[in-house]
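Chains as they are written, first to last, in our numbering: chain F, 1 to 176; chain H, 1001 to 1176.
Worth flagging that the hints you see were computed from the coordinates, not collected in a lab.
Please note: incorrect hints may appear among the correct ones.
Claimed, not checked - Listed next, the in silico DSS-like pairs over lysine-lysine satisfying Cα-Cα at most 30 Å (straight line):
hint	chain 1	residue 1	chain 2	residue 2
1	H	Lys1049	H	Lys1172
2	F	Lys13	H	Lys1050
3	F	Lys146	H	Lys1100
4	H	Lys1096	H	Lys1077
5	H	Lys1096	F	Lys168
6	F	Lys172	F	Lys49
7	F	Lys118	H	Lys1166
8	F	Lys100	H	Lys1166
9	F	Lys168	H	Lys1111
10	F	Lys146	H	Lys1096
11	H	Lys1101	F	Lys166
12	H	Lys1168	F	Lys40
13	F	Lys13	H	Lys1168
14	F	Lys173	H	Lys1111
15	H	Lys1096	F	Lys169
16	H	Lys1040	F	Lys12
17	F	Lys168	H	Lys1072
18	H	Lys1169	F	Lys101
19	F	Lys77	F	Lys100
20	H	Lys1168	F	Lys69
21	F	Lys169	H	Lys1111
22	F	Lys118	H	Lys1169
23	F	Lys69	H	Lys1166
24	F	Lys75	H	Lys1166
25	H	Lys1012	F	Lys40
26	F	Lys146	H	Lys1168
27	F	Lys96	H	Lys1146
28	H	Lys1012	F	Lys111
29	H	Lys1013	F	Lys12
30	H	Lys1013	F	Lys50
31	F	Lys166	H	Lys1096
32	H	Lys1146	F	Lys100
33	H	Lys1168	F	Lys111
Number of protein chains: 2
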Amino acid sequence: MRIVVVRLSHRKKRDQRVSTHVALVARAFGAEGIFYSGEKDKSLEESVKKVVENWGGEFWIRYEKSWRKLLKELKEKGFYLIHLTMYGININDALKTIPKKDLALIVGSEKVPGEVFKLADLNLAIGNQPHSEVAALAIFLDRFFKGRELEREFKDAKIEVIPQEKGKKVIKKQET
Amino acid sequence: MRIVVVRLSHRKKRDQRVSTHVALVARAFGAEGIFYSGEKDKSLEESVKKVVENWGGEFWIRYEKSWRKLLKELKEKGFYLIHLTMYGININDALKTIPKKDLALIVGSEKVPGEVFKLADLNLAIGNQPHSEVAALAIFLDRFFKGRELEREFKDAKIEVIPQEKGKKVIKKQET
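This is chain F alone, in the form it adopts within the complex (with noise of 0.2 Å):
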């Protein structure tokens, strides 16, 4: 099964660092690349691509001017489409309805096109208070996965973290 994550209407300037947590909860949290719209940001990219560089795994993101165009490819490839939004059906209730398909999880920044609620096949809340697409993403995953993909190993890795009670313990690995 594939997960893919789609973040909406990217602003350069405003967005750079809530995007660049969008994508590595992604990463981390077991989505396999992140596709994002709006403004077209390097520096964005290289910051995604460092992380992969060092922790390992074969994460991608990558720019699509259209969203539209995007989601109706991927509708088309046969992804279900769920919008994580506040207003929408509480994860409480929406999780055991989604079907075993390949997922796109679309996230928004501040004001999601009413299109997009209707292209959705499930516009799913985590909560219907106001907080963080960067928690929506987290959780929604979290709760998919049931936890275990906090325990997966992430390929040709040049950094890795040995969890310790106190301070911080990082092998890095030489290439060979």
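Could you slot chain H onto chain F? The hints should help.
Only chain H this time, still in chain F's reference frame:
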């Protein structure tokens, strides 16, 4: 049982949106309030207060100049200090070791002083991959409350979302 969040070394320009997300996640996922240190930031405080005013509940935000003093005071008051950090013990192992005490959840921004790792009673990792303090806080609270926090009601809300399959439905309550 009380749960408070401590956000370390906030930088006005760079962290405003991420710190806002941290605060809104703290509120939506069941903490009673947030302390922050670093640069005092009126507009961060105001955006959090505005959410509380509209969406209800009694969540608070408070600036504390010295995180060191704050953490020591919390400890003296009997709080168990949990530092959320990718270098700590994985939540899948650590969650069951948490005593039944008031909790202070510490989230840093990029570089956390070594002293924080020592002052903390528990350094807990939401996975050992780089991602986001926003996600880490959300996952901790979601796991801790077993998902029940998303069904809480917030007192005196002026706005409430009615979950919808498509589109947005919001109730604005009139004051009487």
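Hints broken by the structure, by number, lowest first?
-> none
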